[in-house]
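Enquirer: Residue numbers (our numbering), protein chains in the order written: chain A, 1 to 252; chain B, 253 to 430; chain C, 431 to 503; chain D, 504 to 861.
Keep in mind that the hints are not guaranteed to be accurate.
Below, in silico cross-link-like pairs of lysine to aspartate or glutamate (DMTMM-like), each with a Cα-Cα straight-line distance of 20 angstroms or less [unchecked claim]:
1. C:K458 - A:D85
2. A:K223 - C:E449
3. D:K507 - B:E320
4. C:K452 - A:E6
5. B:K407 - D:E506
6. D:K507 - B:D283
7. B:K403 - B:E320
8. A:K189 - A:E37
9. A:K43 - D:E709
10. D:K852 - B:E320
11. B:K340 - D:E774
12. B:K340 - D:D851
13. B:K311 - D:E506
14. B:K311 - D:E649
15. D:K553 - A:D85
16. B:K340 - D:E848
17. C:K434 - A:E6
18. B:K311 - D:E748
19. C:K452 - A:D85
20. D:K511 - B:D283
21. A:K2 - C:E443
22. D:K710 - A:D147
23. D:K507 - B:D310
24. A:K43 - D:D696
25. C:K437 - A:E6
26. B:K311 - D:E774
27. D:K710 - A:D36
28. D:K507 - B:E399
29. D:K553 - D:E541
30. A:K2 - C:E503
31. A:K9 - C:E443
32. A:K9 - D:E774
33. D:K828 - D:D800
If you're looking for bench data, these hints aren't it; they were derived computationally from the structure.
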Amino acid sequence: MKPVFEYTKGMTDAITSYCPGCTHGVAHRLIMETLDEMGLLGKAIGVAPIGCSVVAHQFMNVDMCESAHGRSPAIASGIRRVHPDKVVFTYQGDGDLASIGMGEIMHAAARGEKFSTFFINNCIYGMTGGQMAPTTLIGQRSTTSVDGRTREQAGMPLKMCEILSTLDGPSYIERVALDSPAHIRAAKKAVRKAIEYQLAGKGFTFVEFLSICPTNWGLTPPKAMEWLRENMIPYYPLGVYKDEEAQDNGDK
Amino acid sequence: MATNKLFFAGSGGQGVLTMGQMVTYAAMYADMNATWLPSYGPEMRGGTANCTVVISTDKPVSCPLIYEADNVVVMNLPSLVKFESLVKPGGNLFINSTLIDQKATRDDINVYYVDAGGIALKLGNARTANVVMLGAVVEVSKVVPVEMIYKIMEKTFSGRKAHLLDINKQAFHAWKPE
Amino acid sequence: MPKKQFKVVFNRERCKGCELCKSFCPKKLIEMDTQVNARGYCPAMMTDQTQCIGCQSCALVCPDGAIAIYEEE
Amino acid sequence: MAEKVLMKGNEAFAEAVIRGGVRFYFGYPITPQSEIPEFMSRELPKRGGKFLQAESELGAVNMAYGCGAAGGNAFISSSSPGIALMQEGMSFLCSAEVPLTILNASRGGPGIGSIQPGQADYFQVTRGGGNGDYRIPVFAPASIQEAIDILYDAPALADEWRNPVMILVDGLMGQMMEPVVLPEPKTPVTSADIPKLKPWAISGSEKGQRSVVKSLRLQPEVLEQHVEKLFEKYNRMEQELQKVECDSIEDAEVVFVAFGTMARLAREAMEILQSQGIKAGLIRPISLWPFPYYAFDALTDKTKVVISTELSMGQMIQDVQLGVKGRFPVKLIHRTGGMLPTSIEIVDKTKKILEEVR
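Take these sequences, add in the hints, and give me the full structure.
Expert: Right under this line is the structure:
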């Protein structure tokens with residue numbers, strides 16, 4: 001029998017600690033499959049965030065360290081200084097990256113740090129129990145916006161790809177979604193591009209994964225996928241926000 | 253003399269910190285112990301400048317901060333007003349008489365009026381006023397050997413600045429006690 | 431040309447019963463077991479291997495590495 | 504012996520730590536130590552090192568954590584409010600057992616406070632400002648030469664213990680010049696050496712094993728075990744890292760206890776008292792943690808009073824009391840907010856205290 005699909009050796013054998021249907025598992029796998037296919041598992045150094053994926057190092061089968069909340073881009077910048085020939089990445093959630101770690105991500109991106117950030121946006125704080133995130137949508141209920149987020153009270157949700165694409169430092173920025181097999185295939189291509197650009201020394205690369213949190217959204221995983229498609233994608237449009245190699249990319 | 257405490261005060265740009273550093277370097281070259289401590293504050297430019305030098309011949313300098321000084325140099329009027337009291341009884345006060353037309357008020361100290369700017373101007377380089385003053389301090393106090401001041405001048409005024417060596421040596425010896 | 435035959439293998443113990451594979455199977459070949467696994471989940475299983483078209487949809491959406499797909503030779 | 508040079512404190516500190524093997528600096532400007540990042544930005548690139556100006560002190564300490572976790576010898580410097588921000592990282596570094604050399608030029612507080620010398624961060628640095636059970640060795644030199652010697656050894660010490668090491672100075676020492684002798688530069692560790700020298704570091708699993716640098720331990724029994732293991736280390740540090748200088752304490756009637764800048768004022772006060780026939784001595788803790796409690800055992804019955812002299816409202820005095828164990832009265836002479844007493848002020852206050860206790 002010829003294998004068509006097998007679980008990548010980029011992932012450890014451990015069963016993840018994520019809830020049933022949580023797309024952290026999919027995002028982890030896509031990154032590790034890509035590193036494996038590119039022969040980079042031995043050269044990769046990852047930084048895990050605070051949030052549900054604080055324990056990502058138990059599942060991603062590469063050298064990793066933990067970080068304090070939001071600081072991963074600073075930590076990756078430090079790692080990069082010591083190992084300029086390795087592949088360095090951060091894996092961060094929306095509270096970690098777009099709230100408490102906004103300073104670190106903006107400045108690492110602005111410096112054009114040669115690492116890749118994989119950003120999981122599921123519009124909610126998962127680990128702490130479903131509080132409003134900087135990316136929670138208007139009208140979306142959370143444990144700290146029980147009647148739904150309002151613009152008056154909390155402002156509009158932050159669009160990180162759009163914000164980061166105003167900077168000169170990043171070389172590749174793309175928003176992908178994990179809501180269907182087709183989108184997951186496209187997401188993997190984005191991961192590969194981010195790593196290729198990093199290897200080529202082009203500068204900071206960033207992939208935002210629109211993800212689901214069935215537990216805190218109070219939906220079954222299949223229903224959560226529909227909710228992502230119907231609510232998140234209209235506000236967070238998919239696509240490439242920056243590509244240094246593309247012809248039509250402004251003055252770069 | 254086991255310990256000699258010097259204090260240099262004036263406004264920014266008068267070479268006050270440099271005078272103190274030169275004495276400190278000279279002490280180091282003469283194998284003495286020394287500390288140099290500038291006043292520091294939030295302002296980047298202008299304002300007053302002062303520094304404290306403590307020289308010890310027989311042991312490490314205990315304290316780089318002073319409550320009284322053996323030798324005090326004041327390069328402008330506000331410094332005279334503020335720091336005359338710092339001179340220890342029997343100590344020396346050096347007043348830059350080019351810019352200060354007031355006299356010292358104390359009679360328990362030795363006061364030297366040094367026309368540092370005037371002498372420097374006569375020598376042809378007004379920027380050596382602080383070296384004229386330094387010459388007076390070293391001449392009177394004998395706090396460091398003159399050869400060590402030469403050594404610093406020779407290190408400082410070398411290469412592209414070599415042409416400044418002679419004028420600085422002249423300035424250093426230009427003041428004579430009355 | 432003979433029709434390709436695929437075999438979808440579920441790792442019963444890794445499966446958390448999230449039903450994503452079931453919802454994305456274009457041929458509706460996946461059902462949940464009524465027997466729970468050691469961790470208390472009802473794992474996914476194939477109803478009819480012969481109908482599988484090898485599209486990998488189930489494996490792509492599986493967050494838990496519970497699915498492997500092989501082609502019969 | 505190498506030639507004596509006259510160096511300003513801040514530049515001497517930076518030079519010493521480079522000679523001690525540091526090749527990575529991360530910092531954020533803050534008075535009174537900004538000459539250190541300035542020096543590092545000029546010097547490190549020339550010596551094969553890297554300088555990175557961080558977006559904040561939080562950024563700086565975490566860059567240093569990443570660097571140290573990856574096996575590099577990192578150095579960060581800041582001043583009191585900046586050190587407060589860095590406490591998150593320090594707790595993290597200790598738990599993850601990542602080495603780092605930290606210089607703290609402490610100033611007057613609380614809040615933004617002032618930029619003049621202060622010692623009101625004694626609790627912050629010796630008791631840990633971050634969360635959790637952890638310790639950081641803190642050394643408080645009183646001269647530029649002593650600071651150089653400590654900073655030169657610090658990167659190796661941090662590596663040896665896999666723990667941050669802090670050197671506590673202040674703006675006065677940073678701005679002061681003193682003749683010093685610089686030690687010979689050590690050969691720095693290169694990235695290629697790291698997998699061999701520090702197999703625990705995250706340098707890529709191609710070295711033959713996978714490394715994870717972490718501090719999260721969700722199961723309480725596992726965390727307890729980890730903290731107990733850390734404390735076996737801290738207990739050994741307490742035995743091995745205590746440093747103190749004692750002067751004239753054998754027959755001293757009054758004994759000053761002071762560190763850093765304040766120790767130099769206290770030393771002069773001691774000399775003035777001695778010249779006036781009053782037997783005075785000085786205990787100068789060089790390591791603030793571990794605090795050299797044993798030094799107080801050498802005090803004899805001739806001692807009438809022990810005076811903690813501090814640039815704070817009295818923080819070290821608690822350790823002094825622990826060291827004195829109730830044998831003598833313990834008093835405080837202090838200024839705070841960035842104010843410095845004169846040695847004469849200390850002498851006068853000491854005489855009053857002596858009248859009270861005699």
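Enquirer: Now look at each hint and say whether the structure bears it out.
Expert: Status of each hint after checking the structure:
no. : hint            : verdict
1   : C:K458 - A:D85  : 47 angstroms, violated
2   : A:K223 - C:E449 : 10 angstroms, holds
3   : D:K507 - B:E320 : 28 angstroms, violated
4   : C:K452 - A:E6   : 18 angstroms, holds
5   : B:K407 - D:E506 : 15 angstroms, holds
6   : D:K507 - B:D283 : 9 angstroms, holds
7   : B:K403 - B:E320 : 29 angstroms, violated
8   : A:K189 - A:E37  : 12 angstroms, holds
9   : A:K43 - D:E709  : 6 angstroms, holds
10  : D:K852 - B:E320 : 18 angstroms, holds
11  : B:K340 - D:E774 : 18 angstroms, holds
12  : B:K340 - D:D851 : 18 angstroms, holds
13  : B:K311 - D:E506 : 19 angstroms, holds
14  : B:K311 - D:E649 : 15 angstroms, holds
15  : D:K553 - A:D85  : 15 angstroms, holds
16  : B:K340 - D:E848 : 16 angstroms, holds
17  : C:K434 - A:E6   : 18 angstroms, holds
18  : B:K311 - D:E748 : 16 angstroms, holds
19  : C:K452 - A:D85  : 43 angstroms, violated
20  : D:K511 - B:D283 : 18 angstroms, holds
21  : A:K2 - C:E443   : 23 angstroms, violated
22  : D:K710 - A:D147 : 53 angstroms, violated
23  : D:K507 - B:D310 : 17 angstroms, holds
24  : A:K43 - D:D696  : 15 angstroms, holds
25  : C:K437 - A:E6   : 12 angstroms, holds
26  : B:K311 - D:E774 : 12 angstroms, holds
27  : D:K710 - A:D36  : 16 angstroms, holds
28  : D:K507 - B:E399 : 18 angstroms, holds
29  : D:K553 - D:E541 : 13 angstroms, holds
30  : A:K2 - C:E503   : 7 angstroms, holds
31  : A:K9 - C:E443   : 18 angstroms, holds
32  : A:K9 - D:E774   : 72 angstroms, violated
33  : D:K828 - D:D800 : 9 angstroms, holds
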